[in-house]
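Trainee: Going line by line, the protein sequences match chains A and B.
Residue 84 in our numbering sits at position 84 of the first sequence, and the numbers go up by one each step.
Residue 239 in our numbering sits at position 239 of the second sequence, and the numbers go up by one each step.
Treat the hints loosely; a few may be bogus.
Said to hold, decoys possible - In the BS3-like style, the derived pairs of lysine-lysine whose C-alpha atoms are separated by at most 25 Å in a straight line are: (1) B/Lys214 <-> B/Lys125; (2) A/Lys324 <-> B/Lys214; (3) A/Lys324 <-> B/Lys125.
Claimed, not checked - Just the calculated beta-carbon pair ranges, DEER-fashion: (4) B/Ile30 <-> A/Tyr153: 41 to 49 Å; (5) B/Ala26 <-> A/Leu118: 31 to 39 Å; (6) B/Val25 <-> A/Ala215: 22 to 30 Å; (7) B/Leu44 <-> A/Ala215: 33 to 41 Å.
Hints listed in this document are in silico derivations from the structure and should not be mistaken for laboratory results.
Where is the CB? At the ideal position from N, CA and C, for every residue including glycine.
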Amino acid sequence: MSEQSLMAADRPKRGLPRVNPVYVLVLALIVAIIIMNPAFGEPTGYMNFLKRVAALAILSGGALYVIVSGGFDLSVGSIMTLTVIGSSMLASNDPNSTYWIIPLMLCIGAVIGVINGLVVSYLKVPSLIATLGMMISLNGVAFMWSGGAPRGYLPDTFRFFGRYNISDLPVIGLLPIAVICLVVFGVILWWGMHRTNYGRLLHAVGDNPLAAQLAGVPVRTVRISAFVVSALTAVLAGVILGGRAGVSVNIGSGFELQAITAAVIGGAQLLGGRGSVPATIAGALALEAIFTLLNLLGLAQPVRLVVQGLILIGAVAFATYQRKHVGR
Amino acid sequence: MTDTSLHAPARKFRFERHASTILLVAAIAIYIGLILALGQTRFLTLENLVAILSRSITLGITAIGQTFAILVASIDLSVASVISAAAVVTSVVMNGDPAMMIPAILAVLALGAVVGLINGLVIAKLEVNPLIATLGMSLIIQGVLSYYYNNFAGKVPVEFQVFAYGTLGIVPYSLIFMFALAGLAWFVLRFTRFGSDIYSVGGNQEVARLAGIKTARVIVGAHVLCSLCAAIAGIYLASRLRSGAPWIGAEGVYDLESIAVVVIGGTVLAGGRGGIWGTLAGVVIFSLIDSIFNVAGVDAFVKQVLRGIIIVAAVAFYAARSRRLVA
């Protein structure tokens, strides 16, 4: 980091204010969507969009903690699946069960996060492999639990978080609970990452673990806690997604890579040391907005994949270029 | 190394070097022990050994390529998509016509080379994180492929199925081919300048650059080899399935499994240390684990849970001793 700031001092500063390009991207995409489909400008349009993006946005915010600390968490998608499957198996159509199921799921999530963290920091297994193993195992557990096909369904009290809208509000009309969750957890994640000493330790560990250790940072504890945050947000995302979309056995698959994509679009640096929660949430919005736009253009699912791939590479190439040439 | 052996009374046992052998021996011991305990000695035949080995030829060929990518401190997540694409191109170009066998193989190899070239250039020149670069490439290939095909397409002529089904005595040609490929890869890594450059760049890219190695070329070369191997694996799979479909690579999870196998074989994810024989040991360990589960009659879902745990445990077996910090 010091090297970069030295280099920056040598170069003439650019005149433009330094706005993270992801915000410009989101704005441009939303303008494009509104031009294509004016109904998107109505509260029902954008509120439904935010409702759809809530799970991914919260998940990405949590995944960012692990990314900033210098690792990867590939197990989040399977934690989401486990949350949805486990909840539907435990609920057995009892509306009151929600009040103990969600805390129980959070506990399970915390345990998974601790295991991930312990394996990475004490057994020294690279996080890519550790969380990959966890992903494979958890998918197996979800299958075992449900017996291969999902039975039972989620009670309405559980689906409240993902599905319910508060309607007849002044100005905005309706407000989905999922959007409230997004704002609340987004602020908590932002606060933890950017306004506490813990957040600073996280950045320090990700930037240079050896330096952090020599400076007295409890590297292992910080790493473990990052995995716990990530697993907890995965449970929350699972609750919201399950509420919105219902039960299926592979509901969470693919989310781990989407979360990493969102963080990367938001300018997070893989292998640690740099990342911002609001920008990551904006990255999730951008990703979902791109998909919405492609849908509006009538492009098929395969095209979505191609576009996602191009954006992923483009975003990182752009960020690298910027770091090298602007010295940011 | 000669230095220490002169001064030290006994040469120090290099654990990391032998860990994959230890794991392999342990897996074999468990397998044989289990068979003896269950009294199912019919599994203890040469035919069964060959069957175990031939079960993971696709994974083996892919993992040989992945070893190059990981040794150079990169990684390739696009292999599964390349396998699918290669299998589909093979069966569509051949389309049951034996005369088209050579053009089809050349086309697939060209495809693999181009994908590897792009991967390598994006990683080495644009300095995009290899995980992201190859993940993006994987999405692009998968998207293009499933835009045109959504089911098994084309057909492999009977003459070409010999590659997967033909045998020399009891040993399938494809198994011999895999070991020949591994031998070639070992030769490249051990005796050529490119091979030693791979270890240097993987060990420390900056130092390698200062020592005058053209690091970008080495990275691109490693990725071209990796994608070529994936393409060959796709050709094999098309020959075995008699046709290619756009999901066969993703279904086999060859991207993540090939990485797991390479790492279990003792190649370090951070690059610069490891080798081909470790990778092959990892492949055999994987098939042995499957066989152990089958013999023991483990439930399919329990099998999956155990598989995840074993991958982590096997890697922890090496890594727990290292004093370096990992992420």
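Trainee: Taking the hints in turn, state whether each one holds.
Mentor: Hints, verified against the model:
Annotation: proposed proximity of lysine 214 of chain B to lysine 125 of chain B holds, straight-line Cα distance about 12 Å (limit 25 Å). Distance hint between lysine 324 of chain A and lysine 214 of chain B is fulfilled; the C-alpha atoms sit about 20 Å from each other, no more than 25 Å. Restraint check for lysine 324 of chain A and lysine 125 of chain B: the C-alpha separation of about 12 Å stays at or below 25 Å, so the hint holds. At about 42 Å, the CB distance of isoleucine 30 of chain B to tyrosine 153 of chain A agrees with the hint of 41 to 49 Å.
Separation of alanine 26 of chain B from leucine 118 of chain A is about 23 Å and departs from the stated range, judged on CB atoms against 31 to 39 Å. Between valine 25 of chain B and alanine 215 of chain A the Cβ separation comes to about 43 Å, which falls outside the hinted range of 22 to 30 Å. Between leucine 44 of chain B and alanine 215 of chain A the beta carbon distance is about 58 Å. The supplied range of 33 to 41 Å is therefore violated.
Comparing the model with each numbered hint stated earlier shows that hints 5, 6 and 7 do not hold.
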